[in-house]
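J.: Residue numbers (the working numbering), protein chains in the order written: chain A, 1 to 161; chain B, 1001 to 1190.
Read the hints as simulated data drawn from the structure, not as lab findings. Do not take every clue at face value.
Claimed, not checked - Short, incomplete list of chain B residues facing chain A, as computed with Cβ under 10 Å: (1) Leu1088; (2) Val1091; (3) Gly1104; (4) Leu1153; (5) Val1183; (6) Thr1186.
What the hints assert, rightly or not - Simulated coverage check for chain B against chain A, where a stretch passes if three residues somewhere in it have a Cβ under 8 Å from a Cβ of chain A: (7) 1057-1064; (8) 1127-1139.
None of these values were measured; they are calculated from a predicted model. Here a beta-carbon is modelled for each residue, glycine too, at the ideal position from N, C-alpha and C.
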Amino acid sequence: MSLLRYILAVIIMGTSATSVDAQRLEFLTGGGPITLEISEAPPGGEPVDATDAGTRIFWDANLGVPAKLVVSTMATSQHFRLFVELQVTSYGTGSMVDMHPEVELVDGMFDEDILTNILPGSRSQQGTGLLRYRASARVADGNSQTHGDDTHTVTYTLLAQ
Amino acid sequence: MVHPQRYKTVGLAAWALSLFSACVVALLGLSPSAWAQTPPPLPDAIPLAGNQVSLSQTVTVRVLEINRIAISGDVLIPIAEAEAGTPLSPVTHSGSTYALTVNGSDKKIVGSLDTEFPAGMELSVELTPPPGATATRRILSSDPVDLVKGVNLIAATNLGITYTGHADITVAPTGTAGISRRVTFTLTSN
Chain A
1 MSLLRYILAV IIMGTSATSV DAQRLEFLTG GGPITLEISE APPGGEPVDA TDAGTRIFWD
61 ANLGVPAKLV VSTMATSQHF RLFVELQVTS YGTGSMVDMH PEVELVDGMF DEDILTNILP
121 GSRSQQGTGL LRYRASARVA DGNSQTHGDD THTVTYTLLA Q
Chain B
1001 MVHPQRYKTV GLAAWALSLF SACVVALLGL SPSAWAQTPP PLPDAIPLAG NQVSLSQTVT
1061 VRVLEINRIA ISGDVLIPIA EAEAGTPLSP VTHSGSTYAL TVNGSDKKIV GSLDTEFPAG
1121 MELSVELTPP PGATATRRIL SSDPVDLVKG VNLIAATNLG ITYTGHADIT VAPTGTAGIS
1181 RRVTFTLTSN
């Protein structure tokens, strides 16, 4: 009887695992508000881009299927340009994630892939990366004194591919 | 690619199996502590469709007002030619250029000398205006004078600077060293 109980317990434990643990997406460093300030230009040239690479994220897809990371933004009355790129710094064993080129963040945009092919598996589904933001403005775009700052709420989503 | 509908079907089956298993546990009198530990994840666990997690960050882009101007090299204007019985001829130099970047509106360029020339000498200047702006030829002094007005949202290089030097007959020869003055161009609000 005790053997039967043991076998059933093992079956039950295995079965309950089909409701997977929650996937995780977290800031490891940074994550708070960032301000990118464009303040320099060579005489006769366009303003110099401002960058920030102080935000590091961690993901654990844990979806059981290939997963991806997408980005979108909300920025009402946007006047200047903002880009983001995820530079993967580590990813799970046996995995070969696909990094994507820099994505332009435009108010109202659809989700854009910044990382794909996060393969399932306890080792391959995790990784870390650096978010590199780049702000750019042309002379013709004017300045914040005239237009005000652009404020983006940038959202990253981890989901099944 | 797996169709989302398939996730739902399999997910439902898993849920039903869990329910059945729970009933079996209850019937056999297994203590909850015997199985309520963290289950080992199955490598092929199938998620419910729509599982996702999000993270947001606020990013502000601020562009400061930028006003930059630069001019090319020093200029030598030798005033030496005159025909007998006539005043010295003005000499024009037009090899210099300037560049500017303005990401604001309604700016102007003013020009001035660090100190006045001796009596009988004068230096005037005319700048080629960037597109959309207007320029005036002016005699320079230690008081700033408007040279270009209406500068808006522009990045431009190789804009011409034309100097004209003039000395009347009362000015004593200066020798090869000449008389140096520093000309300052300032980009400012109108």
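J.: Now tell me, hint by hint, if it's right for this structure.
T.: Checked hints:
no.: 1; hint: Leu1088; in the structure: 35 Å, violated
no.: 2; hint: Val1091; in the structure: 28 Å, violated
no.: 3; hint: Gly1104; in the structure: 6 Å, holds
no.: 4; hint: Leu1153; in the structure: 5 Å, holds
no.: 5; hint: Val1183; in the structure: 16 Å, violated
no.: 6; hint: Thr1186; in the structure: 13 Å, violated
no.: 7; hint: 1057-1064; in the structure: holds (count 8)
no.: 8; hint: 1127-1139; in the structure: violated (count 0)
Checked against the numbered hints above, the structure breaks hints 1, 2, 5, 6 and 8 and satisfies the rest.
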